[in-house]
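Peer 1: Take a look at the letters that make up each chain.
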Amino acid sequence: MIDRRTFILASTVAAGGALLSLYVDAPVQAQQQPPAAPPLPPDAFVRIQPDGTIVIQVNRLEFGQGVHTSLPMLLADEMDADWSHVKAELAPAAAVYNDPFYQMMETGASVSIAHEFQPYRELGAKTRAMLIATAATRWNVSPDTCRTSNSVVRGPNNQSARYADLVADLARQPVPQNVRLKAPSEFTLIGKRTRRMDSRPKCDGSQAFGLDFYAAGLKVAVVAHPPVFGGRVKAFDEGAARTTTERVDIFEIPLVNGTGVAVVADRFWTAKQARDRLKIDWDVSNVEHPDTVDLRAKYNSLARTEGLIALNRGDLAAMDRVPVSNRLVAEFDFPYLAHAPMEPLNATVRVDGDRAEAWVPSQLPTIDQAAIAEALGIKPEQVAFHTLFAGGGFGRRGPLDAHIVRETVAIAKRYPGTPVKLVWTREDDVRGGHYRPMCAHRVQIGIGPDGMPLAWNHVVVAQSLFEGTIAAAFELHDGIDETVIEGTADTGYAIPNIRVSAHQPKVNVPVLDFRSVGNTHGAFVMETLIDELAARAHADPIAFRRTLLSPEAKKRRRVLDLMDEKSATWRNALPTGHALGIAVHECFGTAVGLAVEVSVAEGRPRIHRATAAIDLGTAVNPLTIEAQVQGGLAFGVLQLMGKGAITLKDGQVEQRNFHDFTPPYMRDTPVAVDVHIVPSTEPPTGCGEPPVPVIAPAVANALSRLTGKRYRSLPLVSL
Amino acid sequence: MATYTITVNGQNRSVAVDPDTPLLWVLREELRLTGTKYGCGVAACGACTVLAGGIPTRSCVLPISLVGAREVTTIEAMAHDAVGRVVQDAWVATDVVQCGYCQSGQIITAVALLKRVNNPDDTAIEQGMGANLCRCGTYVRIRQAIKTAAQQLQQGRTR
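Chains as they are written, first to last, in my numbering: chain A, 1 to 719; chain B, 1 to 159.
I should point out that these hints are in silico values taken from the structure, not numbers from a laboratory.
Just so it is clear, CB atoms sit at the ideal spot from N, CA and C, and this is done for glycine as well.
Hints may contain errors.
As the list claims (entries may be wrong) - Mimicking BS3-like on lysine-lysine, the simulated pairs with C-alpha atoms at most 27 Å apart in a straight line are:
| hint | chain 1 | residue 1 | chain 2 | residue 2 |
| --- | --- | --- | --- | --- |
| 1 | A | LYS554 | A | LYS566 |
| 2 | A | LYS298 | A | LYS643 |
| 3 | A | LYS709 | A | LYS643 |
| 4 | A | LYS234 | A | LYS649 |
| 5 | B | LYS147 | A | LYS566 |
| 6 | A | LYS192 | B | LYS147 |
Claimed, not checked - Sample of chain A residues at the chain B side, in silico, Cβ under 8 Å:
| hint | residue |
| --- | --- |
| 7 | THR243 |
| 8 | ALA340 |
| 9 | THR547 |
| 10 | SER550 |
| 11 | TYR711 |
Stated by the list, open to error - Some but not every residue of chain A turned toward chain B, in silico, with C-beta under 8 Å:
| hint | residue |
| --- | --- |
| 12 | GLY64 |
| 13 | PHE251 |
| 14 | PHE268 |
| 15 | PRO341 |
| 16 | GLU343 |
| 17 | GLY391 |
| 18 | LYS413 |
| 19 | TYR415 |
| 20 | GLY417 |
| 21 | TRP570 |
| 22 | ALA627 |
| 23 | PHE658 |
| 24 | VAL673 |
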């Protein structure tokens, strides 16, 4: 089973960068190898100011995960910079800030630390070497005799120079090609619990997010979108919308999918009020009207037939030798889910002749920049693109169709020289598609005489995220979208005879990566079923998993052991009415093991406690890792919420806002979470997504112990 | 359009807007106090919470015409509030924030809670903070930070 990240890397090289062709003048020929990337110039990433401040460029979006602190930690550690004087900035869109594997700027797939661990450290080490060389030249000593710490170079004869005092001559130094990186024992920042640099501004209101961008003369736009995806404006009556005394512009614009009506004013409230009063006659006759009830029936029936085979190990004929009484058939349903980041979607664009400037909280700056350029018929480098802090994202700020910036530029080009800010209201966001796909699983299991699964026939039904997109070449493998079968086809359980196949129906609902993607449902199915088998065998759920995990599933074994050890005390002293739930899962190269203590209160699961163990290789910032695990678990609780579903009726989304699509509040999430990191010097792997998938199955497993029922349909409307 | 004079962070401010304009958009677009956030517009998430007459209030559903003489305090003034400063410091010490978008509302709500209840336990914290949404899931650390702030405030009182 080829891992998705490896696959992308391999195919990027093989395909010569189809993504690149989207935004460079001369597309690289298909057979041609992309040129070896030139070494990154340190001065694009590090700026030493006269007052000693060291400003480090962050080539990712900061949207909560903490890269604004942890990437500078990597560079500053190797540079021996004085951390108390380090500042971070989000880098503008430029090729030098591309992800080294994806060859574009992106924040997703939990790769920021994994992909930048080497480059950022090298940048720091090169800068340090240049500072030493500068000082050594000045003092006429050998660089080998110089030492550095806290932004100071010290020479062999008690000479010392602050980094800031060496800057003037720094540019004369050649950038060294090879530098020695620190051994883990030499780290001064990496591995230390380090507080975020953006805490204070986020506590005093001074941190500006995308929606907080204002400039002189700025106009605010909202858009009326079709009630069914792909619908078009037939006619609109703006009479009622013009009751306000303020100037309001109303006009039709093309959307990525269909058309809409833009309403532009000097103020958000004016624009929104006018939009709400607009009367629009929509043409939705030529678009499919998806309906959740029909889709579920269709998916469940598809799940009874074999799809495209993603994994075929052993011989499924083993199923026939299992007595019927030892066979289990389980059918699962999962709804569409909206990401609903706290900051509603937005973008600001100013078009000025053959140039444009954009301010966007974006997970895909390169793609967004290219989309703006394409819409204006100019080159990407004529679009100055600033990535702004985002109030969450979880995948929602990285749609490949770039529909947010495309909408913005369709409006902004009517206002040359004027910045136009598009605001999606919360209702637009909840109803706007680009969801975690709805899906169904059907699993037939033949249980062996030892209680372990002997044969496993698994069918997944879900829309592909990438079919028909510019990323299809990377993300589809023999027609199968990895995001459909992840969490199942890559199972770490040593099931001797297993087949996983996939159906990828096309539905008129836009879908998108959602924090931990297919693992949200794949892990739920696997971990609740394994737990069910353990219960059937009257086995301890941890011991059962340990027996069944393959020897190669090293990270999963390590987190299971650590979680076992750290939860033992409370697990063995559960109050009456409380039950234990276990889950373990690996994705994005990182394994998480979880134990939860659950009771039922007022018909809802009450999660009293969670003990989590995580193995992500080298832990760069344990304080952030702990936060990502705590937050990821809370995020994963969405799947258990009674109103945690997007549904459609006759083509229209039935939910509007947080009152009917309700993410978890404080009382819905674990009261206490202790996080334990497996000590490791292996290369770092993902952290943002891996904690998400384990909580829903762990809680469902605990509920099963309390109620005797099995939970196969989400959301958990009733227990 | 009409002109309204309201008291925000101790200052009288006059604005000319439609009477139904929510206080949130007056703060953000007229006064450029952008620390108060738009999250849902229907009082369901708490990102827009300000103190109005000392009471935590959803500014996204309070029309400017109904603010009246109530003194409005936003996150930008919290550092000048005795409890506000302690809560902000506890938030920073606990490394509560992730994306940070909801935290203005969380901090304002926590300040109001701590002015009402000296030493809130988990149940009191849930009641006080229960209607504020955080999609990053910083809830565990919010609980911790409120307990830390309560302790520090209590020490300050006994000193």
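Peer 1: Hint compliance check: list the failing hint numbers for this structure, sorted ascending.
Peer 2: Violated hints (numbers, rising): 7, 9, 10, 11, 13, 18, 19, 20, 21; every other hint is consistent with the structure.
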